[in-house]
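Student: What follows is the residue order along each chain.
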Amino acid sequence: MFHDLLNKFGSSKNNSKSIPVTLSTRIRLARNLKEFPFPGKAEEVQRRAVLCKCMDAMTDMDSLKESTSLEVDDLSELDRQILVEKHLISPELSQVDEGSGIVLSSDRNCCVMINEEDHLRIQVLQPGLEFEKVWKRADELDSKIESLVNYAYDCELGFLTACPTNLGTGLRASAMMHLPGLVMSKNMDKVINAVNQLGIAVRGLFGEGSDASGSIFQISNQQTLGESEAAIIARLNETLKNIVRQENFARDKLMQDDGLRLIDKISRALGILKSCHLIQSSESMDLLSLVRLATDFNMLPERFRSLTDRMFIEIQPGHVQFSAGKPVDPSDRDRLRAELLRKEFRRSPQLNLEGAS
Amino acid sequence: MKCHHCDKQATVHLTQILNGQMHKMDLCESCAQANGVTNPENLSIGTLMVNKEDETKSPAGKMVCESCGTTHQDFKKGGRLGCEACYHVFRPILDPLLEGMHAGTQHLGKIPSASESRVQFVQSVETLKKQLFNAIENEDFEKAAELRDQLKALENEAKV
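First to last, the protein sequences are chains C and V.
Position 108 of the first sequence, counted from 1, bears residue number 108 in the numbering used here, the numbering being contiguous throughout.
To get the numbering used here, take the position in the second sequence, counting from 1, and add 357.
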């Protein structure tokens, strides 16, 4: 049943246009129900009660029409891994065993996790830099849920969360940024230090503790209390726009100073993607990152940007095994991954160096 | 250099900038791990500093939430609270933490108006019922009638 669901909703092909530098925007709201201990302290009966209450509240909502509700218990190891790789659920939720669930909207842009660290984690994501739209949807969904259940709330401390780092608005706004220019010019540490001072955190592709393979970083607000949602989002948005400027500046400079080396790097990346027979995910990420960069430089047609964005997900271990239809050991995964990449990049054209800007 | 928590040699040196102020701390390998230094999202130097202070002040160390059983120790270890009531119980140790962690300590965001008014309604009904019960106990029937009418009015209002 879950596999049907993946085929139906789970294709990582996305019709929306992908843009340079910003891969996607996400808003997450942490909420808890009144009168129930937070999930970490709840007995199984209480967790089940919360799960039922939340699922019931969401079933009849217009905004979640034709959504899919799943209990984490019912999902296999591989199913869970796939949802994590799609950034729909957190690695933490994939580890819990009892009384947790997810509600996934039919367009896959909205995913509510139930009984993760908090009773509810309402998440909305969308490709590109789209905080306004994403916040609007998250806010509406939150208000609808709130009209049906009582939230744990304190007029001084705001929404009460299991971890005090989420207290107040419970809001984590983040963007997934592709920053190869800053990485190659060795300016990323400087950027991280500078934004940290503004209360903004920088993490790897899969959040906490993950590495920044493919030069992809998740950049988000750290502070949740003492400011309105709009103020938090505006500050983050401002910072992100600044990072985009810095990234473009770094790219131009790389091209000016040693363009030939960069072009050589990109061409080699394309060559490997076209002809590899064994490849690990970290190497694939770095090569794909160069192809995305080439697209931003107009060296490759636009469609290569959405192709790389899709490949960033489909080359992950869970997805490779999913396409194989069975669990596969790591060395065989490298073979299957190479097969996929060869197929997708088989017809890639020569780099257009005329159009390079 | 000695560890901020125990007397072992400090090997982990932390610097965190919070609200424009620089905080530094030196920790040994095991204290660093115990405090989740390897887990950057939930790490706050504020937590580490408060932990040290509390070991000398014993009353905080004995705090426990009667509603869910979370102890001060649990909170120190995992950085998580167990329920709504924990926020009252641990408030004295939370306040300095929140100051270091966030932009302010007063919520300025969204207000869950629907659930707040429902909660308020339940609370006023409960209060009125209690008062009504007391009035009857004290044989103050005039007052009881008044309270009964108020209660009715409130319930009718909710139905509309």
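Rather than coming from a laboratory, the hints here were simulated on the basis of the structure.
C-beta: ideal position from N, C-alpha, C; glycine also.
Do not take every clue at face value.
[What the hints assert, rightly or not] Computed from the model, here is a short list of chain V residues facing chain C with C-beta under 10 Å: (1) Leu-438; (2) Tyr-444; (3) Gln-507; (4) Leu-511.
[Said to hold, decoys possible] PhoX-like cross-link-like pairs, simulated, lysine-lysine; straight-line CA separation at most 25 Å: (5) V:Lys-487 / V:Lys-500; (6) C:Lys-41 / C:Lys-133; (7) C:Lys-326 / C:Lys-343; (8) V:Lys-487 / C:Lys-34; (9) C:Lys-41 / V:Lys-487; (10) C:Lys-253 / V:Lys-419; (11) C:Lys-53 / C:Lys-186; (12) V:Lys-419 / V:Lys-434; (13) V:Lys-500 / C:Lys-34; (14) C:Lys-144 / C:Lys-133; (15) C:Lys-41 / V:Lys-509; (16) C:Lys-17 / C:Lys-133; (17) C:Lys-41 / V:Lys-434; (18) C:Lys-41 / C:Lys-65.
Student: With reference to the structure, classify each hint as holding or not holding.
Tutor: Now for the hints, and whether the structure bears them out:
1. Leu-438: 6 Å, holds
2. Tyr-444: Because about 6 Å separates V:Tyr-444 from the closest Cβ in chain C, which is inside the 10 Å limit, the hint holds.
3. Gln-507: Violated, about 23 Å.
4. Leu-511: Violated - the Cβ of V:Leu-511 stays beyond 10 Å from chain C, reaching only about 18 Å at its closest.
5. V:Lys-487 / V:Lys-500: Judged against 25 Å, a Cα distance of about 13 Å means the pair holds.
6. C:Lys-41 / C:Lys-133: Distance of about 35 Å is beyond 25 Å: violated.
7. C:Lys-326 / C:Lys-343: 20 Å, holds
8. V:Lys-487 / C:Lys-34: 22 Å, holds
9. C:Lys-41 / V:Lys-487: 32 Å, violated
10. C:Lys-253 / V:Lys-419: 59 Å, violated
11. C:Lys-53 / C:Lys-186: 50 Å, violated
12. V:Lys-419 / V:Lys-434: 14 Å, holds
13. V:Lys-500 / C:Lys-34: 33 Å, violated
14. C:Lys-144 / C:Lys-133: 17 Å, holds
15. C:Lys-41 / V:Lys-509: 39 Å, violated
16. C:Lys-17 / C:Lys-133: 15 Å, holds
17. C:Lys-41 / V:Lys-434: Since the Cα atoms of C:Lys-41 and V:Lys-434 sit roughly 14 Å apart, the hinted pair holds (cutoff 25 Å).
18. C:Lys-41 / C:Lys-65: 32 Å, violated
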